[in-house]
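The listed protein sequences derive, respectively, from chains A and B.
End of the first sequence sits at 183 in UniProt numbering; the numbers just go up one at a time, nothing left out.
End of the second sequence sits at 350 in UniProt numbering; the numbers just go up one at a time, nothing left out.
Note that these hints are calculated values from the structure, not bench results.
With beta-carbon atoms standing in for the labels, derived distance ranges:
#1 A:GLY155 <-> B:ALA162: 47 to 53 angstroms
#2 A:ALA19 <-> B:PRO138: 43 to 49 angstroms
#3 B:THR232 <-> A:PRO122: 48 to 54 angstroms
#4 A:LEU121 <-> B:PRO227: 46 to 52 angstroms
#5 B:GLU159 <-> A:LEU121: 46 to 52 angstroms
#6 B:ALA162 <-> A:MET80: 58 to 64 angstroms
The C-beta atom is built at its ideal place from N, Cα and C for all residues, glycine as well.
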Amino acid sequence: MTPARFSPLQRLFHWVMAACILAMLFIGVGMVSTISTRYLTLVSIHKPLGIAILVLAVLRLFLRFRRGAPPLPADLPEPMKLAAHLSHLALYALMIIMPLLGWAMLSAEGLPVLLSSSLRLPPIAPQQPELYALLRSAHGYLAYAFFAVILLHLGAALYHALVRRDGVFEAMAPVPTRTLTDP
Amino acid sequence: MQPSSTLRSRLGAFSVIAVVLGGTTAAFAYTAGWISPDRLSREKVVAGLSPPEGPAPGHRRNHVKGICFTGTFEANGAGAALSRASLLAVGSYPVIGRFNLATAAISDPDAKPRVRGLSLQILGTDGSEWRTAMITAPFFPVSTPEAFYALQQASASKEPGAMGAFAATHPEIVRLGAWAKSAPWTASYAEERYNSLNAFIFTSTDGQNRAVRWSMQPEAQPVAVSPDQLATRAPDFLEQDIKARVAAGPVRWTMVVTIAGPDDPVADPSKAWPEGRRTVEVGTLTAREVEDEADGPCRDVNYDPTVLPDGMSTSADPFPAARSSAYALSYQRRAAEAAQYPRTTPGARP
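The following block holds chain A by itself, in its conformation from the complex (with noise of 0.2 angstroms):
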């Protein structure tokens, strides 16, 4: 039998996600925004946040793998199904694509990847402008981009929870919110 809702562990990991990504988002397009000392406040934060997301979407893929996802409802429409699916799969390429142009970028442009004043991680692209101008531009334009389809998620969550009243919104509540009745 199928579960009606994803397991502790997969809900805790998307909550933190949620709000790390979220301010992974407003922290990149905040600091580029700006020459104040946030600046460098905001880019000591990116960095890292950014490879614990990293990290954290590798872990949640195997989860995902591991315990699968509580099915949609059947009577969802099937382009809802389509769309909730390559949402879905967009999420999770854009968690793991970003931390990876991020990291990309910055060994582009030759500056050394430091997490903290003394943790420093390998360059994992040759050091070429060209390369860089590529992996910067991608960088900003998919931050745009995954900060829409995070929006488009959180419309149809809300969707699903305010309008369809499906149980689709309940099987990642942070807390059970009400008692799911069987479809």
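Let chain A serve as the given structure and place chain B on it in line with the hints.
Positioned in the frame of chain A, the structure of chain B alone reads:
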């Protein structure tokens, strides 16, 4: 349930969704500065640096004209008492450096810019790294990045009273003006003293923090040459000179670290610290080989002054953060234009 109440509850649900999504988007837009046109962005600062003819594609957005060199930094160990940075422990560390002119116009002849610069990337054996971009002025023209932007705006302005109005609200500019008039010009990068201007924090092994600034003191004796005389020389006389000097033998500077007194203005690079502050000679910089920038190893280096080894960090001085942010955009722009600044030797790699 009545159909009308279903409709109402659905309307309520959709309103909640709209408010949540709209609010999140608005917060994102605010954070990004999209609805704060007054925020001093790096785009504004970099645009403000642009010369009238526009930036030279593929080149740095400021200090655009320069020449690469390689050499070593030989730390004598005296700095180890001030900072636990491994680059200050006795040893010889490779350097990729760049002599440059403080101008954004690539067409400027070497005789024109009043201020010259020296940038260094010092590489430690343990992977640590120290980047610094110094200039010949002993202090900065203004106290804050905001004032620097206002200065750019005023000096680019066609309004006759713009600079006067700027000086009236930023009296610190007078000090740099006086230096520019009185300090001697030289005919060589090798005869200049280069200063960090910004204050940084050195942290010692026992955890003590000290605010410091550093300078490179030339071994060569400066010879004053009048600006009129310099104007008669070749447009790249500084590059020719440093090539010839280094070809003839190593050119050296002593790195001097000045330690701030308790009440010295750490956050304001427009104010020199009083004479007589404790200084420590921490090592010798030796330039051993000069290479044109197009094919040289400094070309693709972003001399971001916040790239510091463990044991050094930024201070209350707001400029390194501003420089780091603006340099990143400059690097991003020129990297995207790299094809327009081709290497002269096919296949040359830094």
